[in-house]
Amino acid sequence: METLCNERFVVTYQIEAPGYEAAKAIAWGVQVEQTIEFPYDFLTDEDIKRDIVGRLESLEPTADGKYYLARISYGVECTAFEATQFLNVVFGNSSLQPHIWVVDIELSPALIGRFRGPRFGLLGVRELVGTPKRAMIQAVIKPMGTSPATLADMCRSYVMGGADVIKDDHGITNQSFCSFEERIKRCAAAVAEANAQSGRHTLYAANVSADGEAVLERAHYAKEMGATALMVAPALIGYGWLNRLAADDELGLPIITHPAMMGGFVLPGISGIADYLWMGLLPRLFGSDMSIFVSYGGRFTFTAQQCQQIATYCTKPIEGLKATCPAPGGGVTEKRLPELLDIYGLDTMFLVGGDMFRRGPDLTANMKVFVDLLARHS
Numbered sequence: 007m008e009t010l011c012n013e014r015f016v017v018t019y020q021i022e023a024p025g026y027e028a029a030k031a032i033a034w035g036v037q038v039e040q041t042i043e044f045p046y047d048f049l050t051d052e053d054i055k056r057d058i059v060g061r062l063e064s065l066e067p068t069a070d071g072k073y074y075l076a077r078i079s080y081g082v083e084c085t086a087f088e089a090t091q092f093l094n095v096v097f098g099n100s101s102l103q104p105h106i107w108v109v110d111i112e113l114s115p116a117l118i119g120r121f122r123g124p125r126f127g128l129l130g131v132r133e134l135v136g137t138p139k140r141a142m143i144q145a146v147i148k149p150m151g152t153s154p155a156t157l158a159d160m161c162r163s164y165v166m167g168g169a170d171v172i173k174d175d176h177g178i179t180n181q182s183f184c185s186f187e188e189r190i191k192r193c194a195a196a197v198a199e200a201n202a203q204s205g206r207h208t209l210y211a212a213n214v215s216a217d218g219e220a221v222l223e224r225a226h227y228a229k230e231m232g233a234t235a236l237m238v239a240p241a242l243i244g245y246g247w248l249n250r251l252a253a254d255d256e257l258g259l260p261i262i263t264h265p266a267m268m269g270g271f272v273l274p275g276i277s278g279i280a281d282y283l284w285m286g287l288l289p290r291l292f293g294s295d296m297s298i299f300v301s302y303g304g305r306f307t308f309t310a311q312q313c314q315q316i317a318t319y320c321t322k323p324i325e326g327l328k329a330t331c332p333a334p335g336g337g338v339t340e341k342r343l344p345e346l347l348d349i350y351g352l353d354t355m356f357l358v359g360g361d362m363f364r365r366g367p368d369l370t371a372n373m374k375v376f377v378d379l380l381a382r383h384s
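This note's numbering puts the sequence shown at residues 7 to 384.
Don't read these hints as lab results, they were simulated from the structure. Hints are supplied without guarantee of correctness; some may be wrong.
Unchecked claim - Within a straight-line C-alpha distance of at most 25 Å, the following computed BS3-like cross-link-like pairs (lysine-lysine) qualify: (1) K139 with K341; (2) K72 with K55; (3) K139 with K322; (4) K139 with K374; (5) K374 with K148.
To be verified - Derived Cβ-Cβ restraints for the label pairs, each shown as a range: (6) A28 with L129: 22 to 32 Å; (7) P149 with M267: 15 to 25 Å; (8) F44 with P149: 30 to 40 Å; (9) A195 with F363: 17 to 27 Å; (10) G218 with D255: 40 to 50 Å; (11) Q203 with L102: 47 to 57 Å; (12) G151 with I276: 31 to 41 Å; (13) E340 with P138: 17 to 27 Å; (14) D110 with H226: 30 to 40 Å; (15) D110 with K30: 33 to 43 Å; (16) A195 with S64: 49 to 59 Å; (17) M267 with F363: 23 to 33 Å; (18) R364 with G71: 17 to 27 Å; (19) F87 with D110: 17 to 27 Å.
A virtual CB, placed ideally from N, CA and C, is assigned to each residue, including glycine.
Make a model of the complete structure from these sequences and hints.
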């Protein structure tokens, strides 16, 4: 008898079914589909049956009786210890079937040891920017179509106003009107000069989302030019690339993750993945130091409860994983900031975009208003 898997992790699926036996049948389909994807009746290898096929650890109805929660365990070796295959085991083909949602993942020590999570994490980011207590603030340079020179001027103004982090807008990549290389050179230099002048430690995060190996090429170029952080959209480039950036010791930079393209996975529908996993736990596992997610009350439809749960999965104690800094954005306004602080607490980095321009064109003064407001509520 050969042991094929020595350790297991657990995925909880929420299943919509008319009764227990129907839910159990759906769970069995997941157990097979997510592993062997082969008719179980044709399987003759007992080692595969025992170790590879998913195991139903428990099946219980939800409190309201509408769904069933199936806890299914998988051998960690099935993941090949790769981000891509890990996600494939969690919800590959079963994501194509209706009435099944992934609502929790219980990581095993081997997975945590392999993927390692954030290099800096929440506390490390606080140390880097020199903000030990108050809630932090992240500014965005935008809109698309703005020249690299003007974006660099924005960076300079944000630093002088006290921003903790400045990032490229996720839609600004390598367009003909704003090339990646020129933007990074100008913005990194502007932030470095303003930091030297002001004594601050503002980070500049270059958006390095790109195709394939270009992600790494842009990341290393950004560091060479003086960028002090990176940003990627993992739903666009893949979580494997996020983990590769986070594990690259030559880079050694904090990483921001952006939720672009995540809505199709997490918005209400007939199947999907819980938002607190897709925007909280998974970015954290694969190395995000700061995870941007949409806040409630703005132009997005998330509720306060949803947002709190995303933040919780960014920061709740998990042995071997540093906390990721929650970075809610969208609807973060000067007027709403006290309310948002009550919801999220101080261990948060608020992403402020369009509202930074509401008071007028003086971005330094505008940023100071936000920073002073955060300081008063710390």
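Verification of the supplied hints:
1. For the suggested pair K139 and K341, the alpha carbons sit about 21 Å apart, so the restraint of at most 25 Å is met.
2. For the proposed pair K72 and K55, the alpha carbon gap of about 31 Å is over 25 Å, so the pair is violated.
3. Pair hint K139 plus K322 holds up; C-alpha atoms about 18 Å apart against a cutoff of 25 Å.
4. Restraint check: the Cα-Cα separation between K139 and K374 comes to about 17 Å, which is no more than 25 Å; the hinted pair holds.
5. For the hint pairing K374 with K148, the CA-to-CA distance comes to about 19 Å; that is within 25 Å, so the pair holds.
6. Distance hint check for A28 and L129: the Cβ-Cβ separation is about 47 Å, which falls outside the suggested range of 22 to 32 Å.
7. Judged by the Cβ atoms, the range 15 to 25 Å given for P149 and M267 holds: they are separated by roughly 19 Å.
8. With their beta carbons about 51 Å apart, F44 and P149 fall outside the hinted range of 30 to 40 Å.
9. As the Cβ distance of A195 to F363 is approximately 23 Å, the hint placing it in 17 to 27 Å holds.
10. Distance hint for G218 and D255: a CB-CB separation of about 21 Å, inconsistent with the stated range 40 to 50 Å.
11. For Q203 paired with L102, a C-beta distance near 55 Å keeps the hint of 47 to 57 Å intact.
12. Restraint check, G151 to I276: a C-beta distance of roughly 38 Å satisfies the suggested window 31 to 41 Å.
13. For the pair E340 and P138, the supplied restraint of 17 to 27 Å holds, since their beta-carbon distance comes to about 23 Å.
14. In this structure the supplied range 30 to 40 Å holds for D110 paired with H226, their Cβ-Cβ distance being about 36 Å.
15. One distance hint, 33 to 43 Å for the beta-carbon pair D110 and K30, is violated here, with the actual separation near 19 Å.
16. Separated by about 56 Å at the C-beta atoms, A195 and S64 satisfy the suggested range of 49 to 59 Å.
17. The supplied range of 23 to 33 Å is met by M267 and F363, whose beta-carbon atoms lie about 26 Å from each other.
18. One distance hint, 17 to 27 Å for the beta-carbon pair R364 and G71, is violated here, with the actual separation near 47 Å.
19. About 21 Å separates the C-beta atoms of F87 and D110, a value consistent with the hinted range of 17 to 27 Å.
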